[in-house]
Amino acid sequence: VTRTPLITFVSDFGRDDWFVGVVHGVIHDVCPAARVVDITHTVPPGKISHAAFVLEVSAPDFAPGTVHLAVVDPGVGTERRALAVRAHGQLFVGPDNGILAWALSDPEAEVHSITEPRFGRVPMSHTFHGRDVFGPAAGHLANGEPLEQFGPRISDPLRGCRPQPELKEGELIGQVMFIDRFGNAITNLTESARQGAGFLDGSRASFEVEAAGKVVHGLMRAYGDAPVGTLVALIGSSGRLEIAQVGGDAAERLGLGVGDEVRLRLP
Amino acid sequence: VTRTPLITFVSDFGRDDWFVGVVHGVIHDVCPAARVVDITHTVPPGKISHAAFVLEVSAPDFAPGTVHLAVVDPGVGTERRALAVRAHGQLFVGPDNGILAWALSDPEAEVHSITEPRFGRVPMSHTFHGRDVFGPAAGHLANGEPLEQFGPRISDPLRGCRPQPELKEGELIGQVMFIDRFGNAITNLTESARQGAGFLDGSRASFEVEAAGKVVHGLMRAYGDAPVGTLVALIGSSGRLEIAQVGGDAAERLGLGVGDEVRLRLP
Amino acid sequence: VTRTPLITFVSDFGRDDWFVGVVHGVIHDVCPAARVVDITHTVPPGKISHAAFVLEVSAPDFAPGTVHLAVVDPGVGTERRALAVRAHGQLFVGPDNGILAWALSDPEAEVHSITEPRFGRVPMSHTFHGRDVFGPAAGHLANGEPLEQFGPRISDPLRGCRPQPELKEGELIGQVMFIDRFGNAITNLTESARQGAGFLDGSRASFEVEAAGKVVHGLMRAYGDAPVGTLVALIGSSGRLEIAQVGGDAAERLGLGVGDEVRLRLP
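If you're matching them up, the sequences are chains A, B and C in order.
Take 1 as the starting number for the first sequence in the numbering used here and just add one per residue.
Take 1 as the starting number for the second sequence in the numbering used here and just add one per residue.
Take 1 as the starting number for the third sequence in the numbering used here and just add one per residue.
One chain only, chain A, in its complex shape (with noise of 0.2 Å):
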């Protein structure tokens, strides 16, 4: 039987220094077996809650058992912890800060702290724990070493920061959580969010959707349904409402950043 282990990885590193090749290096080392498949490296410097969005939206697009390797760091080589995680049928790596926040929004989740020194690199630093412990812990996970080797079970990780929409007066309220490379505006407006509020796709023609001052009337199903130049308000790959211009930048265009309030109705 061969297994071929897969590793995705994102971070705040960049692609113009060393550090993202380093790790791959040292989780080849670790686990020759494993794909390592980059999810993006350009996170904004010490920018948790941007990472773990990404990780929320793409971790459920991936197969179960894959290992997902998350490290934007700032608190690296201080008390913070080192987390090992299984939840929604994967594995997750990262520090203590928030980054795993979808990994630990399940019910399910079991949690470790990371505290075995042999499964991580000799010497340590105390600034780079993408090579020394998280990236090695990776690989010993895609090598199918049990979660329970890396450390003792906890109950108290940080959680971050999830907003969640709210329903206000027959409006479901949410926020922008992401503005893609194509300039749409991705919200927190979930598939099961709307449903939970009785806002059905059976209706889409008659939605209403409010943002930036800028009201947008029905749902479309797909990018090139109307013409260029058009806002319209869809349905996006993870599941989410997005707001997006045919053809060009919603979020440019509207002024529409992260955080920023959308409204959903049927008037």
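These are calculated hints, taken from the structure and not from any lab test.
One or more of the hints may lead you astray.
It does not matter which identical chain is used: a pair holds within one copy or between any two.
As the list claims (entries may be wrong) - Keeping only pairs whose Cα atoms sit at most 25 Å apart, straight-line, the calculated DMTMM-like set for lysine to aspartate or glutamate is:
id, residue 1, residue 2
1, Lys-47, Asp-225
2, Lys-168, Glu-252
3, Lys-47, Asp-106
4, Lys-47, Asp-249
5, Lys-214, Asp-156
6, Lys-168, Glu-210
7, Lys-47, Glu-252
8, Lys-47, Asp-29
9, Lys-47, Asp-16
10, Lys-47, Asp-180
11, Lys-47, Glu-148
12, Lys-168, Asp-249
13, Lys-214, Asp-180
14, Lys-214, Glu-169
15, Lys-168, Glu-148
Please arrange chains B and C on chain A, whose structure you already have, making use of the hints.
Just chains B and C now, with coordinates in the frame of chain A:
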């Protein structure tokens, strides 16, 4: 026998979001043995002709049997077809929007419309066919699944536009196709175009190239064959005439951009 | 026995064009078993010293036997030689222009000029030896081809410039070698330079570091050991003194750039 199939990947997804990583994950699920080589993902959003050119200059450097995955897809989710093509001894997957122009230029190209649902992801989004249609198809092709299985053979794909040089009053008139990272202006004056026009390499010393109102005399062999700062013309690594500045950025210096005219003559 | 050879790759090719992908393809043809790890490809065009430094700080983190491919090659196609080197227990391939300075600093380095045509691509361009010479050579080295096969041993490679700190009136005077993504200014004040000068780590509290007219007192262990906004000096993950700002960009704040002087003293 160990076979390591190769899949190349070009898109406009950028590397700041999670789209490229997710497609890698999907391919890995379908064909764990495949190696995925990223060509580039910074094609300007929606710029099909740019991706088509990248594919045209890079694909010939890959071995027979390579699978090329190309996704610049503003029409995702609309009625535009998805294509799987065998051409030039290789395989190609992408939307039916001209991005596969070079593959389709092979008179022997076998073109199939991807309609077979069993090769796609369930559920299928209307906004991310890189993940749901093209990535899985590339994986199945890399697994050796016969082209015929993907859907009916078609004869009317969108062939895109590949501007050809013309011979006029003793000049071979072409255009700039691409500005590379080094500021070299790469043209459509290929070796075969020059030979077809009777401009043979034997006479390199006496060539004259005119672009942006500037005349460059003679063809160099290498960038370093003239002093720093010199404007030179040479035949680049994909067999195309290019205009370069030794140790500098010719496109910036001359204000040259994609589509600008370039004239080659024997004075 | 399954062997998975590792090849690292640093260049100035950028990731917007197709050059990096094509080199990956060529390596895969020669050595399908190899894993290729990209270190960085955004070395400023033609900036050999930048790539040499990246190689110097990253290569030591890789396992013995790793093959390092380095291509910043303004002299491509001219008489400059191509090198294959065994040094520090690893293998190195690149142009003879100083890019392999760190490998050549090993007094036991075995340096060969690559002249054997059977390892190169046919036909060979004058403009892209990453594809036609260095990439294939790296693949053949990863396949275990003996260094001696590539061409004659030479003793006069271009050794490049690796500025060394000097001790002067009780101060160890070095310089900034690199500004990383986080704005940390990484110097050439390595552990061995400090120890050679009698600046031992036992006295970290009393160190004084001066750069850009600013004095930083003491050496921190980790970035998070001082309040946000504090300027700190610490020993980074490659064993070099660096100047950082907690949660910020020290290089920008101080106007520090590559080549700027940094003084270390015990007051």
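Hints and how they fare:
no., hint, in the structure
1, Lys-47 with Asp-225, "between (35 Å within a copy, 18 Å between copies)"
2, Lys-168 with Glu-252, "neither (28 Å within a copy, 45 Å between copies)"
3, Lys-47 with Asp-106, "within (23 Å within a copy, 40 Å between copies)"
4, Lys-47 with Asp-249, "both (23 Å within a copy, 14 Å between copies)"
5, Lys-214 with Asp-156, "neither (42 Å within a copy, 42 Å between copies)"
6, Lys-168 with Glu-210, "within (14 Å within a copy, 57 Å between copies)"
7, Lys-47 with Glu-252, "both (21 Å within a copy, 19 Å between copies)"
8, Lys-47 with Asp-29, "neither (29 Å within a copy, 30 Å between copies)"
9, Lys-47 with Asp-16, "both (18 Å within a copy, 13 Å between copies)"
10, Lys-47 with Asp-180, "both (16 Å within a copy, 17 Å between copies)"
11, Lys-47 with Glu-148, "neither (29 Å within a copy, 48 Å between copies)"
12, Lys-168 with Asp-249, "neither (29 Å within a copy, 42 Å between copies)"
13, Lys-214 with Asp-180, "within (20 Å within a copy, 40 Å between copies)"
14, Lys-214 with Glu-169, "within (19 Å within a copy, 57 Å between copies)"
15, Lys-168 with Glu-148, "neither (44 Å within a copy, 54 Å between copies)"
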